[in-house]
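Asks: Taken in order, these protein sequences are the chains called R and V. Residues 116 to 359 (my numbering) are what the first sequence spells out, left to right. Residues 5 to 128 (my numbering) are what the second sequence spells out, left to right.
A few of these clues could be false.
[Stated by the list, open to error] Here's a subset of chain R near chain V, in silico, CB distances under 8 Å, partners left out: (1) E205; (2) A208; (3) N209; (4) L212; (5) E216; (6) L328; (7) P329; (8) A344; (9) V350; (10) L353; (11) L357.
[As the list claims (entries may be wrong)] What the simulated footprint calls covered on chain V by chain R, stretch by stretch (three residues with Cβ under 8 Å from a Cβ of chain R suffice, anywhere in the stretch; the number is not a length): (12) 16-22; (13) 55-67; (14) 86-92; (15) 102-114.
Because the hints were derived from the structure by calculation, they are not lab data. The beta-carbon is built from N, C-alpha and C at its ideal position, and this holds for glycine as well.
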Amino acid sequence: MTKQVEDNRLLLAKNLVQALEAEDEHQADAILDQISGLRESMLFQEVGRLTRQLHDTMSSFEMDSKVAELTEIDIPDAKERLQYVITTTEQAANQTLTVVEDLLPISKELTEQANTLSNKWDRFLAKDMPFQEFKDMSQEITDHFIQEKNGLANVQTGLNEVLLAQGFQDITGQIIRRVIDLVQDLETSMVELVRISGGKSQSDTVHHHEPELPGPVVPGVDDKSGDVAKSQDDVDDLLSSLGF
Amino acid sequence: MKILVVDDFSTMRRIVKNLLRDLGFTNTFEADDGKTALPMLQSGGFDFLVTDWNMPGMTGIDLLKAVRSDPKLVNLPVLMVTAEAKREQIILAAQTGVNGYVIKPFTAATLKEKIEKIFERIEG
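Turn these sequences into a full structure, and let the hints guide you.
Replies: See the structure below:
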């Protein structure tokens with residue numbers, strides 16, 4: 116009990132004795148009311164404190180089950196989802212690379228043929244071509260058209276495949292967004308847990324551990340401290356300052 | 005020119021190989037980390053090494069260290085193509101003896117420029 120409350124009660128008691136000795140019934144009743152009111156309000160305070168404690172305990176039970184659900188179901192679930200993102204993006208990259216590897220030789224071959232024929236054609240227009248060579252060129256042009264028709268059909272098919280392979284963006288975007296939601300839920304639960312536990316965590320002793328190989332720089336996240344190269348130009352400048 | 009491309013992601017190896025082919029280098033080989041790369045290099049014949057940094061087993065920087073401490077490989081030109089962009093990492097790679105450093109994502113032009121620069125310096 117605080118000193119102030121004690122003093123207050125003592126004062127009220129003295130006043131009560133005074134009032135009783137003076138036979139002032141009215142005053143004595145008022146003081147008695149005041150004393151019992153004081154008791155009641157203390158009781159209310161205590162009940163209030165206990166209720167709050169109970170509420171916090173109850174909600175921490177709720178928190179426990181929520182956190183349990185997050186760790187037992189949602190997080191393993193999220194790991195599988197992210198694994199699927201890796202698989203899907205890898206598939207799309209491989210699909211695209213295969214098409215490109217198939218088409219590059221076709222495009223190279225057709226380009227070379229077109230260059231050769233265009234040189235010959237210029238000579239023909241300049242009337243600088245013997246008849247026999249003209250006949251050969253005609254055959255080469257015919258062959259080139261056939262190859263071009265087939266080659267361009269392949270290019271068309273390949274480009275469509277590349278187009279379709281980009282569908283991964285939609286799928287992985289949706290999956291990653293779900294995982295972001297989960298991380299957000301987790302963050303809220305963690306903050307709530309820290310609050311319920313009375314903020315006992317000593318935030319000043321928490322150290323952020325940097326991974327040994329931090330990997331790709333995410334703009335706005337990893338490039339704040341200024342100790343990373345933001346572009347190839349940064350790398351080149353740094354290396355040349357080292358005498359490279 | 006015999007080139008070894010080392011990266012743990014097969015797609016990245018394919019991209020680098022295709023870019024190298026476009027630059028006229030067709031004799032390329034692949035390894036998925038330093039551990040597989042080192043015996044290949046030691047068995048000889050390679051003229052150029054392109055390596056990632058972050059790989060399981062043996063990292064690119066450890067591969068570079070191993071290359072520089074092997075008398076047969078000490079002068080092998082090494083280009084690092086990596087997402088690692090911390091200044092201290094770039095400095096470490098330079099001190100370990102890398103010949104060029106390209107950060108991912110990169111362009112075909114950047115790769116070409118760095119490769120040409122490396123060979124200019126060696127020939128010059």
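Asks: Within the assertion that chain R covers the stretch 86-92 of chain V, do at least three residues meet a Cβ-to-Cβ distance smaller than 8 Å?
Replies: holds (count 6)
Asks: Test coverage of the stretch 102-114 of chain V by chain R using CB-CB distances below 8 Å; three residues minimum.
Replies: holds (count 6)
Asks: Verify the interface restraint on L353/R: the C-beta must sit less than 8 Å from at least one C-beta of chain V.
Replies: holds (6 Å)
Asks: Do the numbers back the hint for L357/R, that is, is its least Cβ distance to chain V under 8 Å?
Replies: Since the shortest Cβ distance to chain V is 5 Å, the answer is holds.
Asks: Was the hint right that E205/R lines chain V, CB cutoff 8 Å?
Replies: Constraint on E205/R satisfied, holds at 6 Å.
Asks: If you take the shortest Cβ to Cβ gap from E216/R to chain V, is it below 8 Å?
Replies: This hint holds: E216/R lies near chain V, its Cβ roughly 7 Å from the closest one there, short of 8 Å.
Asks: Going by Cβ atoms only, is L212/R closer than 8 Å to chain V?
Replies: Since chain V brings a Cβ to about 5 Å from L212/R, closer than 8 Å, the hint holds.
Asks: Are there three or more residues in the stretch 55-67 of chain V whose C-beta lies within less than 8 Å of some C-beta in chain R?
Replies: holds (count 3)
Asks: Given as covered by chain R, does the stretch 16-22 of chain V meet the bar of three residues or more with CB within less than 8 Å?
Replies: The restraint on the stretch 16-22 of chain V holds, since 3 of its residues have a Cβ under 8 Å from chain R and three suffice.
Asks: Holds or violated: the hint that A344/R contacts chain V, with Cβ atoms closer than 8 Å.
Replies: Nearest chain V Cβ about 5 Å off; hint holds.
Asks: Can the hint on A208/R be confirmed by a CB-to-CB distance to chain V that is less than 8 Å?
Replies: holds (4 Å)
Asks: Verify the interface restraint on N209/R: the C-beta must sit less than 8 Å from at least one C-beta of chain V.
Replies: holds (6 Å)
When the structure is compared with the earlier hints, no violation turns up for any of them.
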